[in-house]
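Its first residue numbered 164, the sequence shown is counted upward by one per residue in the numbering used here.
A few of these clues could be false.
What the hints assert, rightly or not - What follows is a list of derived Cβ distance ranges for each label pair: (1) M331 - E454: 35 to 45 angstroms; (2) L224 - D471: 47 to 57 angstroms; (3) M210 - A316: 42 to 52 angstroms; (4) P184 - V247: 32 to 42 angstroms; (5) F307 - K422: 21 to 31 angstroms.
Stated by the list, open to error - Here are the computed lysine-lysine pairs in the DSSO-like style, where the Cα-Cα straight-line distance is at most 30 angstroms: (6) K568 - K579; (7) K523 - K537; (8) K571 - K490; (9) K541 - K531; (10) K378 - K288.
Just so you know, these hints were derived from the structure itself, not from any lab. Predicted model, so just to flag it, every value in this text is computed and none were measured. Where is the CB? At the ideal position from N, CA and C, for every residue including glycine.
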Amino acid sequence: MEIELATQDKAGPLGWFKALPVNFKNKVVNLVRSIKKLGQDDPRRVMHSLKVGVALTLVSLLYYWRPLYDGFGVSGMWAVLTVVVVFEFTVGATLSKGLNRGFATLSAGALGFGAHHLARLFGEKGEPIVLGLLVFLLATASSFTRFIPRIKARYDYGVLIFILTFSMVSVSGFRVDELFELAQDRLSTIAIGGATCIIVSICVCPVWAGEDLHKLVASNIEKLANYLEGFGGEYFKDSEDEESGRDSKGDKAFLQGYKSVLNSKNTEESFANFARWEPGHGRFHFGHPWEQYLKIGALARQCAYRIDALNGHVNSDLQAPLELRNKIRKSSTKMCSESSKALKALAFAIQTMTDPSAAKPHVENSKKAINELKVVLKTISLEKADLLAIIPIASIASTLTEITKCVKNISELVHKLSCQAHFKSSVESTVPPENQKPQLLHRGSIKPVLDGGNDDHVIITVHESNEEYSLQNEFSQPPKLGQ
Numbered sequence: 164m165e166i167e168l169a170t171q172d173k174a175g176p177l178g179w180f181k182a183l184p185v186n187f188k189n190k191v192v193n194l195v196r197s198i199k200k201l202g203q204d205d206p207r208r209v210m211h212s213l214k215v216g217v218a219l220t221l222v223s224l225l226y227y228w229r230p231l232y233d234g235f236g237v238s239g240m241w242a243v244l245t246v247v248v249v250f251e252f253t254v255g256a257t258l259s260k261g262l263n264r265g266f267a268t269l270s271a272g273a274l275g276f277g278a279h280h281l282a283r284l285f286g287e288k289g290e291p292i293v294l295g296l297l298v299f300l301l302a303t304a305s306s307f308t309r310f311i312p313r314i315k316a317r318y319d320y321g322v323l324i325f326i327l328t329f330s331m332v333s334v335s336g337f338r339v340d341e342l343f344e345l346a347q348d349r350l351s352t353i354a355i356g357g358a359t360c361i362i363v364s365i366c367v368c369p370v371w372a373g374e375d376l377h378k379l380v381a382s383n384i385e386k387l388a389n390y391l392e393g394f395g396g397e398y399f400k401d402s403e404d405e406e407s408g409r410d411s412k413g414d415k416a417f418l419q420g421y422k423s424v425l426n427s428k429n430t431e432e433s434f435a436n437f438a439r440w441e442p443g444h445g446r447f448h449f450g451h452p453w454e455q456y457l458k459i460g461a462l463a464r465q466c467a468y469r470i471d472a473l474n475g476h477v478n479s480d481l482q483a484p485l486e487l488r489n490k491i492r493k494s495s496t497k498m499c500s501e502s503s504k505a506l507k508a509l510a511f512a513i514q515t516m517t518d519p520s521a522a523k524p525h526v527e528n529s530k531k532a533i534n535e536l537k538v539v540l541k542t543i544s545l546e547k548a549d550l551l552a553i554i555p556i557a558s559i560a561s562t563l564t565e566i567t568k569c570v571k572n573i574s575e576l577v578h579k580l581s582c583q584a585h586f587k588s589s590v591e592s593t594v595p596p597e598n599q600k601p602q603l604l605h606r607g608s609i610k611p612v613l614d615g616g617n618d619d620h621v622i623i624t625v626h627e628s629n630e631e632y633s634l635q636n637e638f639s640q641p642p643k644l645g646q
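Could you put the whole structure together from the sequences, leaning on the hints where they help?
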């Protein structure tokens, strides 16, 4: 690219003009590729665009079809504007905007109509003064309520429409005689536009904000698990390859996945806010505990911040001595492995909405690994090693301990979510392969034994989990070998 620019500069304006068609073609090709990639990444975007087109076409009939136009007139344009403003990507966002706009228009129109009649009581000279005073008071109070966090999060759009509608009805009522008919037509067309958006959004390939939040939280937990799964091998692999001089900082893509979790707060809160507006659908019934997802997401971000600190040790040029790293290798790797398995089990439980009890053994094993690591660190400190050499591994151990505590807290919240959301009991088919216990093959032997009393015995010995259980049964008949 730089060579082409240099060539064009040397050729002057004529060369630039000749290269213009080629450059234009390249830009068009790149634009088409980016649009194609955008649609391939999430095909729902294409469907959303088609849904908006369908909704706009339907409300346009208020203008195109003569009987409807005779009934609503130019007020039909409010239906078109409502579709453009209200229709959002998810059902929850569309419902939120549609209901906010509808109730705000209704309440503001009623108040504006009342303000108009109240102002008329003060005569021709006092009417504009009273109207101006009422507009000032309601606009000031409504604008101030937009700073309240709860209203800002859920009803900000409704408050904005309330201010707009009340001001328009109050001010226009001073010059318009048929104020009631005007307000009625606008409210009707806005209701038609909002209803069209809601019906199309729900009935045609709906995109549920609650389902997206559900998948996002599970995906974030899985990203943390992937990092912990690879950290032990990556960090201590570096220590093994240090003397051989091999480059251990090659492909570390799995170490970067957790970074998207750090910035997921706004997305999660937005999804949770819209999910509250959505009706029950699929596995998510009315009153689903969306607040629990926000709590789990907050803990996942805390864990991600600690992982970010841990990742600094992997990329640091100042590493602990090889000998000290090898001493904490076993307990640290075990801690990471068990925490990773616990997080994967929790993510799988959220995805499938099944009982997350499979994560409990791994959480307990990670606690045991913490105690083992503490013993190792105490042993190292008693050996009177160099303090500067101990600090890096002590920092890693402290961070791993905090991560394990975060995993434990996440596990508790997921269990609470499973109770509130009524997750189904886990069955064998829903347990992830990495958490399935291997089937034990029982090895046994049958030996005929002669006792002093000339009675026949059979000793059956069963070997399972390094334990032997011997059962001695008496039979009245001698055993028949070969059966």
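Against which earlier hints does the structure fall short, listed by number upward?
3, 5 and 10
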